[in-house]
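Residue numbers (my numbering), protein chains in the order written: chain D, 734 to 1243; chain U, 1155 to 1322.
By construction, these hints were calculated from the structure, which means they are not laboratory data. Don't take each hint at face value.
[What the hints assert, rightly or not] Examples of chain D residues toward chain U, derived with CB under 10 Å:
(1) 749
(2) 757
(3) 878
(4) 881
(5) 947
(6) 950
[What the hints assert, rightly or not] List time: in silico EDC-like cross-link candidates among lysine to aspartate or glutamate, alpha-carbon distance up to 20 Å:
(7) 1303/U - 1133/D
(8) 1313/U - 1133/D
(9) 1303/U - 1026/D
(10) 1313/U - 801/D
(11) 1303/U - 1244/U
(12) 1216/D - 1133/D
(13) 1204/U - 1261/U
(14) 1204/U - 1286/U
[Said to hold, decoys possible] Label-pair distances were calculated between CB atoms; the ranges are:
(15) 900/D - 1301/U: 19 to 25 Å
(16) 998/D - 1223/U: 27 to 33 Å
(17) 1258/U - 965/D: 42 to 48 Å
(18) 1258/U - 901/D: 26 to 32 Å
(19) 1291/U - 965/D: 22 to 28 Å
(20) 1158/U - 1239/D: 34 to 40 Å
(21) 1249/U - 901/D: 22 to 28 Å
(22) 1063/D - 1257/U: 46 to 52 Å
(23) 938/D - 1190/U: 45 to 51 Å
(24) 1247/U - 836/D: 53 to 59 Å
(25) 1316/U - 965/D: 43 to 49 Å
We put the CB at the ideal spot given by N, CA and C, even for glycine.
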Amino acid sequence: MPPRGERWVRAAERALDRAFGPAANPLRQLGALSFWMLWIVVASGFWIYALYETSVDGAYASVQAMTDRQPLAAGLMRSLHRYASDALIALALLHLLREALLGRFRAFRWFTWVSGVPLLPVAIASGVVGYWMVWDQRAQVIGVVLFEWFAWLPGFGVGLVRNFVDPEAISDRFFSLLAFAHIGLPLLLLLGCWAHLLRLVQPQTQPVRTLAVGSALMLAVLSLAWPARSLPPADLAAWPPQTAIDWFTLGVLPLADIAPRVTWVATSALTLVLLAMPWWPSRRVALPAAVVDPAHCNGCTLCLADCPYGAIQMVPHADGRAGARMARVSAELCAACGICVGACPSATPLRRGAPFATGIDLPQRPLAALRERLDRALETLAPGTARVVVLGCDCAAHLDDGATGAVMLSAPCAANWPPVFVEYALRQGADGVLVTGCPPADCAYRLGARWTERRLAGERRPHLRAQVPRERVRLHWALREDKEGLARALDNFRRELAARTHDQAAQTEH
Amino acid sequence: MPATLLSYAGQALAYALFALAIGVFANWPPYRWLGSDQALLRLSFSHPGKVSTDCRRRTPEELARMQPQMRTPLDCQRERSPVQVRVMLDGRVLVDQSYAPAGLSRDGTSSGYWRAPITAGTHDLAVTLRDDVRPGAPVYERSASLDVKPGQVVLIDFKPDQGGVVIR
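Go ahead and model the full structure; you've got the sequences and the hints to work with.
Take a look at the structure:
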């Protein structure tokens, strides 16, 4: 049984699957949606920056004028800017929480995790500076409380707070500095995002179109219904008894106001715990990395193209032939998903005369062993009962033991099965092959389902050969919890196979 | 209801709930910084204390032993006095603190910052500031009777060019 956190995530995903479908489920695209929010923030930010005045007298008035004089233009953009920033922080938090609950922060994922954690405070810091630029009462208390909080850190002192004590200390240059910081911090955020995605091949930075349009419309409706407004202008001779607080961006300030030292300890401890999570002791056993066999690697680069984590490089071939290259696996980057094994054109079980060999293989689950299991499994199926071999993945739905007329074999990922295994199963007597795994939007190894679809459709090498009858091959994605769905898909497939066999028999009689 | 319509309704509900969460928590609940009958008393200053020890005049013998370009007649330490501040409101001591000079050699400016809510109304405020630890050194004092309105900021600063302690 998966850990409790994973079950919570899956339950929430299943609920949203009913409305959005697996491919457009926002919980599976939290990172991409965060990026989308960032682009909305940037685009709306350009608009309102053009109208913003970087001066003591102009800052408040120029922002207020956007809402009052151009409610459907700059005012709308201002509201979009604020709400998209909040949505960015909320989605990034959810993204972090989801990956944590799914345990996706260990081993080969450590760099992506560690580089992702600081992005959240950078996004929040950018939002804080944005609120400052409005120069209303909220900006005033932000300045005081924030720098009072920072004064607890060695090296900061109270000099910064004094800038918000005396009106004479605030000059036009302060607002130029804010504008500079409000552009610089998002640039830093983008740089951090680049690092965050550095170890991912083909990272998804755009949500599916329906989600992009839906979320943008949602923000537009929210902005029109509840436009962002300023509080009364900042007045350093007065202190507002209470202010509205944007809890996404400014949530730490009340805590810092109440207990600054405790807030520092808590936020620092939380950050350190998050950063250290990849190295927490775990019961999960790290799987050994894929291993290249130079004798059977012809340097075709298909594994290089398919590896979702960039764990494969091409190096001069070990046999020393001039110009020849071979794959090399970086063990620290390898997820042991076996997608590279499924991509290797040497991995064919059809050559029965020779010992089974492949250019790249998983030491803990070699393809030769999978072929032996497939051979044995086929022998267990009674003939004449629409016999189906189910090639599945460890992370997705499994059939219950004793499923009628079918035998299921599991690999680390659906894409671990070379397409030629489908052909092999049919040649060895299976009536049909059902390939299953996590849905593409939720592939545990990111690209496995996508590559499997394209390989079976003949769109990505290695192809399922054209001579394989497609009506005897079925692809069905099923989450780990969706056993019933997989069983139904199998039943339907077996019925179709039986009906086809029946029709063919009838035609033969005629 | 057809499944497609139901799924659209589900999407609309999900978007609406998310938008509601964003809209609500971007503005609510407000945070109360002060009670409705409170004002704010603030102390904020940045001032270098006096050099903490008197300069000593070097003897002719001492000067003769020194390199010609180093022969300054006075021997002065760099360390400055901490700035001691005492704030009393209606006879009650709110602040009684010594603010150390900045810098490794303790030769920099002393900076102090403090704030606390006070009840709005009439108050007697008395501030003393000492920037010289040497005996007999002058003490800066200021007292005022204040009628403080709710939400008002009363600022205590130190500006030597304006007579020392300033209450605004």
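Status of each hint after checking the structure:
Interface hint status for residue 749/D: upheld, as the beta-carbon distance to the closest one in chain U is roughly 6 Å, under 10 Å. Here the hint on residue 757/D is kept, as its CB sits about 9 Å from the closest CB of chain U, short of 10 Å. Using the Cβ-Cβ criterion of 10 Å, the hint placing residue 878/D at the interface with chain U is satisfied: the shortest such distance is roughly 8 Å. A hinted interface residue such as residue 881/D counts as satisfied when its beta carbon comes closer than 10 Å to some beta carbon of chain U; here the least separation is about 7 Å, so the hint holds.
With a cut of 10 Å, the hint placing residue 947/D at the interface with chain U holds, because the nearest CB-to-CB distance is about 6 Å. Contact between residue 950/D and chain U, as hinted, is supported at the beta carbon level, the nearest pair being about 8 Å apart and thus within 10 Å. For the hint linking residue 1303/U to residue 1133/D, the alpha-carbon distance of about 75 Å lies beyond 20 Å, and the restraint is violated. A C-alpha spacing of about 83 Å is found between residue 1313/U and residue 1133/D, which places the hinted pair above 20 Å, so the restraint is violated.
Only pairs whose Cα atoms come within 20 Å are accepted, and residue 1303/U paired with residue 1026/D is rejected, the gap being roughly 83 Å. Restraint check for residue 1313/U and residue 801/D: not satisfied, since their Cα atoms lie roughly 41 Å apart, outside the 20 Å limit. Note on residue 1303/U and residue 1244/U: the hinted pairing holds, with a Cα-Cα distance of about 16 Å set against a maximum of 20 Å. Under the criterion of a C-alpha separation no larger than 20 Å, the hint pairing residue 1216/D with residue 1133/D is consistent with the structure, at around 8 Å.
This hinted pair checks out: residue 1204/U and residue 1261/U have alpha carbons roughly 9 Å apart, not beyond 20 Å. Taking the CA atoms of residue 1204/U and residue 1286/U, the gap is near 5 Å; set against the 20 Å cutoff, the hint holds. Judged by the Cβ atoms, the range 19 to 25 Å given for residue 900/D and residue 1301/U holds: they are separated by roughly 22 Å. The hinted range of 27 to 33 Å is not satisfied by residue 998/D and residue 1223/U, whose Cβ atoms lie roughly 53 Å apart.
In this structure, residue 1258/U and residue 965/D meet the distance hint of 42 to 48 Å, their C-beta atoms being roughly 44 Å apart. Look at residue 1258/U against residue 901/D: about 31 Å separates their beta carbons, and that is inside 26 to 32 Å. At about 45 Å, the CB distance of residue 1291/U to residue 965/D disagrees with the hint of 22 to 28 Å. Here the CB-CB span from residue 1158/U to residue 1239/D is close to 38 Å, well matched to the stated 34 to 40 Å.
Range check, residue 1249/U to residue 901/D: Cβ separation about 24 Å, and the 22 to 28 Å hint holds. Range check, residue 1063/D to residue 1257/U: about 50 Å between beta-carbon atoms, so the 46 to 52 Å window is met. Here the CB-CB span from residue 938/D to residue 1190/U is close to 48 Å, well matched to the stated 45 to 51 Å. Under the hint 53 to 59 Å, the C-beta atoms of residue 1247/U and residue 836/D, about 56 Å apart, fit the expected range.
Look at residue 1316/U against residue 965/D: about 29 Å separates their beta carbons, and that is not inside 43 to 49 Å.
Consistency note: the structure conflicts with the earlier hints numbered 7, 8, 9, 10, 16, 19 and 25.
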